[in-house]
Each structure stands twice: as C-alpha cells, then as structure tokens.
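Sequence order for the protein chains is A and B. Take the first sequence: its position 35, counting from 1, is numbered 35 in this note's numbering, and each next residue is one higher. Take the second sequence: its position 63, counting from 1, is numbered 63 in this note's numbering, and each next residue is one higher.
The hints are simulated quantities; they were obtained by calculation from the structure and are not laboratory data. No experiment lies behind these values; they were computed from the predicted model shown. Please note: incorrect hints may appear among the correct ones.
Stated by the list, open to error - The list that follows gives simulated cross-link-like pairs (lysine to any residue, SDA-like), each with its CA atoms no further than 25 Å apart:
id : chain 1 : residue 1 : chain 2 : residue 2
1  : A       : K15       : B       : E148
2  : A       : K83       : B       : K161
3  : A       : K15       : B       : V195
4  : B       : K240      : A       : K15
5  : B       : K222      : A       : G49
6  : B       : K222      : A       : P67
7  : B       : K222      : A       : I76
8  : A       : K15       : B       : L151
9  : B       : K240      : B       : S306
10 : B       : K222      : B       : E168
11 : B       : K161      : B       : P32
12 : A       : K83       : B       : Y229
13 : B       : K222      : A       : E4
14 : A       : K15       : B       : R295
15 : A       : K15       : A       : A40
16 : A       : K83       : B       : R295
17 : A       : K50       : B       : R224
18 : A       : K50       : A       : P67
19 : A       : K45       : B       : P32
20 : A       : K83       : B       : Q178
21 : A       : K83       : A       : E38
22 : B       : K240      : B       : R295
23 : A       : K83       : B       : A216
24 : A       : K50       : B       : G150
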Amino acid sequence: MTEEAAIPSFRRGVKFRRDEVRDAWVLLAPERLFMPDETAVEILKLVDGKRSIAAIIDDLVARFDAPREVIAPDVIATFDDLKARGAVQC
Amino acid sequence: MLNPGPVAAPPMGLIAELTHRCPLQCFYCSNPLELERASAELSTDEWRAVLDQAAALGVLQVHFSGGEPMARADLVDLVAHASARGLYTNIITSGVQLTDAALAQLLDAGIDHIQLSFQDAEVEGADFIGGYRGGHDKKLAAARRIREAGLPLTANFVVHKQNAERVEAMIALGEALQAERIEIAHVQYYGWGLVNRNALLPSLAQLEHCTAVVEAARVRLKGRIIIDYVVPDYYARRPKACMGGWGNRFINVSPAGKALPCHAAETLPGFTFPNVRDETLGDIWQHSDAFVRYRGTDWMPDPCRSCDRRELDWGGCRCQALAIAGDAAAVDPACAMSPAHHLLADAVAEAAAAVDVPLVPRRMGSARR
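If we strip away everything but chain B, and leave its shape as in the complex, we get:
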C-alpha cells in the first residue's frame, strides 16, 4: 500500500541486523522470538545495495548488528563498502570472536567505532547470562585489543534484577577499559525480555540505586567518559522517545531484508513490512505504510495529540502499547495518562512476588510452547 504523505526528512541511521546467529543466548536479547535462519539471510551483494541506497538517502551512520555481526564471514567487506560510501561505521558485537586478526581486518576496512556488550561486571554472572563459558574473559581481551588499536570503544552493560547491585562495578570496569562511552541500559521488555520479565524486572529500590550511581558517575567523569543511561519503562510517568520517533531517524533492516521502523516492530500485527529485496530503501522510507503509519503526530490518539510533549516523546513505543495495552495505536502505557498505566505496576508486583522463575534462553525455537 502506498501512502503519498508529506516528504519525510532523511533517516540518520541504518541498523543493519546482518544475522540472528549468535554464540550467546542472553535472556533479554532484542531479537524477535522467531529467529531467522542463515539460509534466509541477505547475500553480500544485497547488503552492498542496501548500503549504497542508505548513503544516497542521507543515512550518516550504519550500525552493524545482529545476532552477532561477526558471525557473517563478509562483515569486513561490508564495513569497507559502507566506509567507501562515507558512512560512519559501527559494530555492535559480543566481542567473543574479535581476535587480533579480525580486528586488524576491520581497521583496514575503515571501522570507526565498536560497541562491546557485557552481561555483568564479574565473570560468573556474565557467563551465566550469556550462556557462554569463558565469554566474559574474551570480551575483556577484545576491549584491550580495541584500546590498543586506538579505536573508540563503547562498553555496553545490560542491567536487570540479577545484576543491578553491581552497576557501580560496571562503570568501574568501563573506566578501567578506558571506554570513551559507557551504556548502562536496563533491559527493555519486548520479545525475549518480555518472556523473561519476572526474572529480570528490577525493583524500584534497585532502579533508584542504579540511577543514583549513574548520576554520580556522570559528574565525576564529565568530559572524559559519556554515560548513556536507559531505564525500564515500568516505573516511568512519561514514555521514552522510542527510536527518536517512528520512521523519524532510523531504518532497521532484518537479516532477511525486512525494513522495520524498530527492531521489535515485527511483533506488530496488521503490518506487511516491506523487503529491501523488492523495494528501494528510499521508497520504503518515503512511501511504505509501515514507515508512514505512526510517523509524526497525526496518527496519535488523545491525549497524545494535544500533549505538549508530543514532539519530544513522539507518543512513546508502539510495541509496548501492543504488548501491554493490547493495541499498537494506543497511548504508550508508560505514560501516566494511559488508561492501561496501572498494568505496569501490576507487572512490577508480579515480578517482585515471583521466585525461582525459569529463564528461557534465546535459542532457535526455545520460546515456542
């Protein structure tokens, strides 16, 4: 379905989810529950065409993600291709495959930045969450390699009920690794995170502890290390500006070529997401129903459309509106003005009461009942 609509400003970023394959099995993975198989993945030439179209469309930064982007044998080729098109290249990786040889190839290809994920500040918790024995030590080695190569490093720590006590140690580790940037990111409860919510959702006291630690560290590290902090929505009174607004800043391309306004959007019913095998990124961005439907403010329900924050939070998150309120076009329940807002407090109470919750690891087929 084509929607003429007004001309949208060009996207800033392309999230290239090269593959859903990953050696780790984190319980909160942002990939969908239905993981794509290797046989469904775009070819190297198809990705090259996507990168060409992205650069022509005005994309400035490409984030090679996954799954584990290093599981793709052609990652170096794609980085080189993106770099030659003037795109700022970033890899979001677990780092467990980042050997000296791999890093040297990426440097030759013109990589600009690497984000390394950590599952905890200490080895036992980290290897449990990642489901990969020895993973944490490999990540530490990868961080040192990145540092020695002179590349900028982001250390990403995902926070939840089981490691929130160690957020101070996480920041200390980021400092010790001489990261330029630290992300302290609470789990976002979609997909795998939603499946495992009762085992992961922190208490209000834990969240407040994390926030206090981050705020103190930001003051102490000002001008040296940037700390980006992402909170869970379950204690919020106003929604987050999910993806900086629907179809506003980012295009996410899935391993099989589906173009999505965010990586979780495949959960939304009633959409046919366009595929880069069939349409150009420019047509998808400007005209596809999937990108136009919740873009801007015209689609908004009340009270969003008259809210003075409508161009700050862009109505929050559509996937959360669906997951919690049962309707993707509803007010994000993270907003205190949503009639479904109380459901978040209910979820908090449920998670607090839950004991010995079995965790579902992110694996092909493991989320099927």
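If we strip away everything but chain A, and leave its shape as in the complex, we get:
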C-alpha cells in the first residue's frame, strides 16, 4: 500500500487537464483516459511532484473541514488505484 510520505507525480505521457466540451477534468494517458470523480479531481489538482501524500491530505482536511481519519483512507485508495492504472508513480 502507498505510504503517506510518498511523493506522487504523473507518469510520463500522462496529462491532467480541463475539457471545455464536457465541462470536466480528464486524465489522459497513453491509449487510455480516465474521467476522475469529484474527489479524485481535488486530489489530482494537488499532484505536482513536490507535495507528499501527507501534505495533500493536510490540504484537503483544511479546505474541506473534514476529519483526517475520513480523508486519509480515500486519498490513499485513490493513489493506489491511479498507480495500478499506470497514471501516477509514488
């Protein structure tokens, strides 16, 4: 499982961008693409290759005024999923 100290970044060839036609965020990768849900979008916006997962959790806890023990498992599970799909490395 992904550790909180890990620093996530997009893998080579992965782009996270706004799609104006669908009015939605999309994650584009080699010959695949993902439509992240609202939670994943907020997480992905914080992926910059510098912030750790712990820092991303802290940011979301502060902004959404939610308990850390609620946010943290969601964030970890999202990164586990994105890693398995080849979209991020951490």
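Using the hints, position chain B against chain A.
Relative to the frame of chain A, chain B by itself:
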C-alpha cells in the same frame, strides 16, 4: 440519410488512418483488403480541418495510424496541428522509419506517445511476418530512441499460432525496452486476418499458455508496466465490447476520408459511409445512418436487448456477425447464445487440421482471386 435520434455523448478518440501505404506486409493487417492508393488520400489541409472539427466535437486523443503514418510527409505538421488544438497525440507505427531526425521533429511538434509494433520477440520470425528484412532491428533501435528521448512507449506484440510460444519472451523484450505499456494482442480475424485465419488461429492450449503468462506478468509488473491483453474471439463465451460500442467512443477516418465507426466497418454491406470531404465530423457523429444504426441498445436482436451485459459489451462486433453469421445485425457469434456460435468451433477445428497453408501477404491487389 439523416436520423435525428437522441444527442450522442461526444467521442473520446479519433483514429486518423493517414495512409494505407506501409513498408511492412503483415498477414493480419487490420486495413481493408481493398487498400486505398496514395492519390485518393486526404490532403494536409483536409486532415487539418478534420483535427479542428474533432477537437471542437470533444475528441480528447488522436491516434495517427495507417498503414504506416510515417509514410506521410506531413505527419509532423499534423501532430503539431493536433497538439496546438489540445489533442493528446499518439502515433501507431512500425518504427522502421523512425530515425533520430524524425523523432526530433515529432518531439518539437509535441508528440505525447508512440506505440511501436513488433511482429515477434526474435528477428527471424518478426522479419518473416513483416516481410521486411532488417525490420526488427530497426524497431529495436527506434524503441531505444523513444526511451532516450523520454517519451512514453507502448510495445505492441501481435500474437498468433506461429509465435504464441514466445509470448514470455515478448513481455521480457517489452521490459528490456522499458516500455510503460505492453500490448499482447491476438490477431483479430477480419480482413487480412480472416483471409489467413487457418495459418494464424492459435489452439486452445496456445491461448491458455498466453493467458497464463500475461496474468503472471501483470502481477509481477504491477505499478510499473501496464499490460493490455486482447484475446481472439474464437474461444470466447461472451463477445468483446468492440470499439467500446458502435459510435460510442471512436471515430475512424480512412485515408480517403471515409468516417467509420471502426476500421473494419467498410466490409459491411448496405452502408454508405459519410466522407469528411462532404460533411462535418459533428454531423457525421450525431446524424449519419452509419454511426446511428448500431449505436446504443435499441437496434439489438434478442437475446442481446434483454441481456444484463448489453451495456458492457454493446452487442459485440458487427463485422464479426457479418463475417461468421452472415448478418451484421445478428448476435455476435462470439456469444454462446448466438445460434451461429458453433461456427467458431468449426473454424478452430479447420485451422487445427490445416497444414502448410499459404499465407497471403498484405499488398495492394494480393487478396484478389
């Protein structure tokens, strides 16, 4: 013919088949038997207009394919044009023309990803299938160039009776080339693959071997290399979601500008496929009979229309229904509930009994009898 119909969600991908010209002659090429000549190809400006319309329509990724897309002198211009429109750009290439200079130009143009095809894990088999001596070594060199340039790489291996024993070596080669993604894709039996089916269709034991190797490799390489695996339908009990559903995710534009719901759709009789020279991609996507006819679930025969998998497999493949069951609107014979399902087992038996089958190379005019 215009069909009003409900408004369809925008397409995700454009497959731009720039040309049918190719230095290789693979016996299972996905191009149609009637290859388009260079003189029939869309011009650079026509392709630019297609890319503009695709981006406006909501296409997110463009896959420059062929034939060999690098046979088009304007590939770099088109990649740059697509990239400037925000499209994710992918080239599906044999790699035999991917020199240092060509790659440098593509990088400047903003290429996002390259898929390199391999015909085998070893040179002898690969050069035989491709019909191009020295091709395999050029591909290895191209893969290294892509790697050194820092671009993501997919290594695509096409699997069949004659190379299924080497699927482990194929994955090892993909690993050695440091691909982000490996495709282990069994031949799909349409067009050239169908013509050469008796020489290519693997046995059940071969398929099971491939599947076991892929499953083990996926566990071992998890989080490092994605392995996409495509099986032949001939041993299936349920159909594949061909193209993610008819007119659901993709538009394929042929070298001469025909807009197709899949690259093999030209084999279907009773269609007039719209041309991007005459109509916009948006009109074609929303209103053309060709895209609307098998979209969604309303067109489905029984038992598809009441099946709980109808929005998972979208009724499978229309081209296969035509090729095997003789009717494009029939249940895909890959489904065990199709009355024609036994014809796949018959084809397996025929291929198993076939010895010294002459292979027909993919060449202009070679499939004519």
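Here is how each hint holds up against the structure:
1. K15/A <-> E148/B: holds (20 Å)
2. K83/A <-> K161/B: violated (34 Å)
3. K15/A <-> V195/B: violated (40 Å)
4. K240/B <-> K15/A: Not satisfied, since the Cα-Cα distance of roughly 28 Å exceeds 25 Å.
5. K222/B <-> G49/A: holds (21 Å)
6. K222/B <-> P67/A: violated (32 Å)
7. K222/B <-> I76/A: holds (17 Å)
8. K15/A <-> L151/B: holds (13 Å)
9. K240/B <-> S306/B: holds (17 Å)
10. K222/B <-> E168/B: holds (16 Å)
11. K161/B <-> P32/B: holds (22 Å)
12. K83/A <-> Y229/B: holds (19 Å)
13. K222/B <-> E4/A: holds (20 Å)
14. K15/A <-> R295/B: With a Cα-Cα distance of about 29 Å, the restraint between K15/A and R295/B is violated, given a limit of 25 Å.
15. K15/A <-> A40/A: Given pair K15/A, A40/A holds - Cα atoms ~14 Å apart, limit 25 Å.
16. K83/A <-> R295/B: With Cα atoms ~33 Å apart, K83/A and R295/B exceed 25 Å; violated.
17. K50/A <-> R224/B: holds (20 Å)
18. K50/A <-> P67/A: Holds: K50/A and P67/A sit about 24 Å apart, inside 25 Å.
19. K45/A <-> P32/B: violated (43 Å)
20. K83/A <-> Q178/B: Holds. K83/A to Q178/B sits at ~17 Å (cutoff 25 Å).
21. K83/A <-> E38/A: holds (18 Å)
22. K240/B <-> R295/B: Status holds; Cα separation ~15 Å.
23. K83/A <-> A216/B: holds (18 Å)
24. K50/A <-> G150/B: Judged against 25 Å, a Cα distance of about 20 Å means the pair holds.
Violation of the numbered hints given earlier is confined to hints 2, 3, 4, 6, 14, 16 and 19; the remaining hints are satisfied by the structure.
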